[in-house]
Amino acid sequence: MVKLMKLEWKKNQLSSYFKGLIICIVGIFAAVSLMAWGSKVEDDLMFTDYVEFMSLANIFIRIVFIIFSSVILSRLVIDEYRNKTIQLLFSYPLKRKKLMQAKLSIIFAFCFFSIIISTFIISMLVYFLNPIIGFFETPVSLNVMIATVPTTFISAFMIAGVSLIPLYFGMRKKSTATTITSAVLISFLINGNVSSGGSQVSLFQFIGVPITLCLLGLLIGYLSYHKVEKLDLA
Amino acid sequence: MTYILRTNQLTKVFQGKEVVSAVNMNVKKGEIYGFLGPNGAGKTTIMKMITNLIKPTSGDIEIFGEKLTNTSYEVLKRMGTIIEYPIFYDKLTARENLYLHCEYMGYYDKKSIDHALDLVKLHNVDDKKVKDFSLGMKQRLGIARAITTKPELLILDEPINGLDPIGIKELRDLFKMLCKEYGITLLVSSHILAEMEQMADTIGVIQNGKLIKEVSMENINGEQTDYIEVTVQDIKKAAYILDHHLGLNNYKIMNEKNIRIYEMTVTQQEISKALILNDIEIESINKKHSSLEEYFMKLMNGEGIHA
Numbered sequence: 001m002v003k004l005m006k007l008e009w010k011k012n013q014l015s016s017y018f019k020g021l022i023i024c025i026v027g028i029f030a031a032v033s034l035m036a037w038g039s040k041v042e043d044d045l046m047f048t049d050y051v052e053f054m055s056l057a058n059i060f061i062r063i064v065f066i067i068f069s070s071v072i073l074s075r076l077v078i079d080e081y082r083n084k085t086i087q088l089l090f091s092y093p094l095k096r097k098k099l100m101q102a103k104l105s106i107i108f109a110f111c112f113f114s115i116i117i118s119t120f121i122i123s124m125l126v127y128f129l130n131p132i133i134g135f136f137e138t139p140v141s142l143n144v145m146i147a148t149v150p151t152t153f154i155s156a157f158m159i160a161g162v163s164l165i166p167l168y169f170g171m172r173k174k175s176t177a178t179t180i181t182s183a184v185l186i187s188f189l190i191n192g193n194v195s196s197g198g199s200q201v202s203l204f205q206f207i208g209v210p211i212t213l214c215l216l217g218l219l220i221g222y223l224s225y226h227k228v229e230k231l232d233l234a
Numbered sequence: 001m002t003y004i005l006r007t008n009q010l011t012k013v014f015q016g017k018e019v020v021s022a023v024n025m026n027v028k029k030g031e032i033y034g035f036l037g038p039n040g041a042g043k044t045t046i047m048k049m050i051t052n053l054i055k056p057t058s059g060d061i062e063i064f065g066e067k068l069t070n071t072s073y074e075v076l077k078r079m080g081t082i083i084e085y086p087i088f089y090d091k092l093t094a095r096e097n098l099y100l101h102c103e104y105m106g107y108y109d110k111k112s113i114d115h116a117l118d119l120v121k122l123h124n125v126d127d128k129k130v131k132d133f134s135l136g137m138k139q140r141l142g143i144a145r146a147i148t149t150k151p152e153l154l155i156l157d158e159p160i161n162g163l164d165p166i167g168i169k170e171l172r173d174l175f176k177m178l179c180k181e182y183g184i185t186l187l188v189s190s191h192i193l194a195e196m197e198q199m200a201d202t203i204g205v206i207q208n209g210k211l212i213k214e215v216s217m218e219n220i221n222g223e224q225t226d227y228i229e230v231t232v233q234d235i236k237k238a239a240y241i242l243d244h245h246l247g248l249n250n251y252k253i254m255n256e257k258n259i260r261i262y263e264m265t266v267t268q269q270e271i272s273k274a275l276i277l278n279d280i281e282i283e284s285i286n287k288k289h290s291s292l293e294e295y296f297m298k299l300m301n302g303e304g305i306h307a
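Protein sequence lines correspond, in order, to chains A and F.
The first sequence runs 1 to 234 under full-length UniProt numbering.
The second sequence runs 1 to 307 under full-length UniProt numbering.
In short, the hints are calculated from the structure, not lab data.
Remember, predicted model here, so these are calculated numbers, not experimental data.
Careful: at least some of the hints might be erroneous.
To be verified - The list that follows gives simulated cross-link-like pairs (lysine to any residue, SDA-like), each with its CA atoms no further than 20 Å apart:
#1 A:230 / F:60
#2 A:10 / F:60
#3 A:6 / F:103
#4 F:91 / A:5
#5 A:84 / F:85
#6 F:91 / A:71
#7 A:3 / F:99
#8 F:77 / A:1
#9 A:98 / F:73
#10 A:230 / F:74
#11 A:97 / F:73
#12 A:3 / F:73
#13 F:150 / A:137
#14 A:97 / F:103
#15 A:19 / F:91
#16 F:129 / A:16
The shape of chain F in the complex, shown without the other chains:
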């Protein structure tokens, strides 16, 4: 697997305070990398360093296989970015803004402007000045601008801020489409977990400037199996029943009373039926679902105490 972006011990100090400390992140080519972290965790700072707007205090960034230096301008041609919030020349119309963008980027396929506006579903905005746009529209226009020049890497900082639920869904589909059909690698930051869960292939969790976990969604889903928790009076007998009558192996005795059954081949009804038929009193039986949210909350809180 090739990496499109890697950072090595990336650190940034602002006025004696470490805002980003020793971050090693690895973004694979062709994936959606979700950058997750609370406000002020350093997401934007890292993204600014990647786009060369801020210079790292120490450590380095490798992008498209090249080391990023003060004068790396060519790599910028291959990236599309929105950092912090979408910024435009307010007095110009949407189309003029995109046109200028193409000129500055040295990209001369003018049809791509229409195509990009089409992709983000911005219609009939040709004569409207950007200062009259809503935040949601600006976000869309920002994404349109970022994808006009068909970049290899899209860096989007909080792209779903200010969008309505339908807009969020549309953009999520758009991001997935860009990734699958155009082979664009996306680095998307957000503090909204559910969004990341639905979109990202890999998630990097950042807190207090540290990348505390970098994990692919497949692994998370593997770790986070649902389970059924049964509370019974006679734990040994219950375990025996589970083993011999239902043929279950994947369960765990938590304490004197609780058993967690991780195997999803049997339903809750079957378990309770089997236990009752064998004269075991059930105090409660619940299907537990451990969401990504819990996973990350645990992760962050755990780290928070250490930090």
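Next up, chain A with everything else stripped away, as it sits in the complex:
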């Protein structure tokens, strides 16, 4: 399985996406901190503490990485069907289920880890730069940062599940454009839910909606390969 994932990685030259990953992280950080810094200049503070700052950063991170994952999804799965290279792949003496599982695992893992890594990097940047630039007044304490770790993991896992939903739309017509468009819509829809309303209500939504969507994503992932051995390859 790991071997198959490595081969997929190599075949699609996924290492080249690391550059994009770094640009995304820097971009998200720059956007949020510019907002913070700008609002400070205007004397109308946007964020009072670390948690508020990160809540906006997290929204950006989720949106960006759902879309980013859909790009990789279309590269790994949709393009493979569209260019008919899947025909080649399925003529290898390997279980087709395994091949598909390897692909989906890469997407899931990519989304999961990039969310964690970018949250971590942005937190670190905030931690070290806040005393110098001053995004918000309350100093960041390590305890507050550590307290957010479990939520980060859970939400990264859920978003990774959600990132498989575009597969359903993309596979219907084997279209890259559909895949990415649906990813954009889904990501805005989810994060709109999360950020709107009072904190109590949105917390509930945050648990209910993403869990459902995450399970839906995983189900779509499963459905995409559970019959792959019996079906004709068009």
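Fit chain F to the given chain A structure using the hints.
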């Protein structure tokens, strides 16, 4: 004689239409099996069924003595294939493509990549991405990929498409060499008759999804003797001359005027000389050659009317 591949009543229905119907084909070990048929006859569909990309509606396939099922993956290790047209990961170079192929096939002799590229005469392509290849080069690379892992059965769908005449000849020689020296069985499809004639040991003719004839080239050549056709005024006298003066037995009186002489021991000149010396007027004398093409055209047209 052992068979490497047999199909039994193989049928495939696409949207209510029978694309392949009740095909029984038998490919012997170590031969070149030519799959001949017009476009859309079902050649590719059959090949896809053999490689498990499409599942048969009914009937079954026996390959290397085993029945092919949904989960027969091990047999794929022993086959090399090009189906429809050669497909590659376009953004990678030729060598990277072959390398990936070896990895996926679980074949670790890296020297075989060079050897395969050498066999198909693809040189200096190491840094070139496959998307910049011409169709002919892709065909060669596809064949290289199919033979890298030294398979027992090569399935090549229209391998000579997009090649120049020299390339066609090179590949024909390569196929024969692979068959003779490496003992690889080849299943090659084409709609080009002349190619099949020069290459195949057995030919399966398919039309409208039906295998209408499966015949070995030796038999065809036996059936298709050349003949000399003579048109004369006095048929009885001419037959007498042929019999008694030239000692010919293998001739056929077609009608009032025509005689076909199948025996090739005498030349046209000798026949005309003998007839003229015996005062028989010859209206025409022709050497007829009935090619494989005629044979198959007859076969296909005949079947076409029935179908």
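Hint check results:
no. : hint          : verdict
1   : A:230 / F:60  : holds (15 Å)
2   : A:10 / F:60   : violated (37 Å)
3   : A:6 / F:103   : holds (11 Å)
4   : F:91 / A:5    : holds (18 Å)
5   : A:84 / F:85   : holds (10 Å)
6   : F:91 / A:71   : holds (17 Å)
7   : A:3 / F:99    : holds (14 Å)
8   : F:77 / A:1    : holds (18 Å)
9   : A:98 / F:73   : holds (12 Å)
10  : A:230 / F:74  : holds (17 Å)
11  : A:97 / F:73   : holds (12 Å)
12  : A:3 / F:73    : holds (18 Å)
13  : F:150 / A:137 : violated (70 Å)
14  : A:97 / F:103  : holds (18 Å)
15  : A:19 / F:91   : holds (18 Å)
16  : F:129 / A:16  : holds (17 Å)
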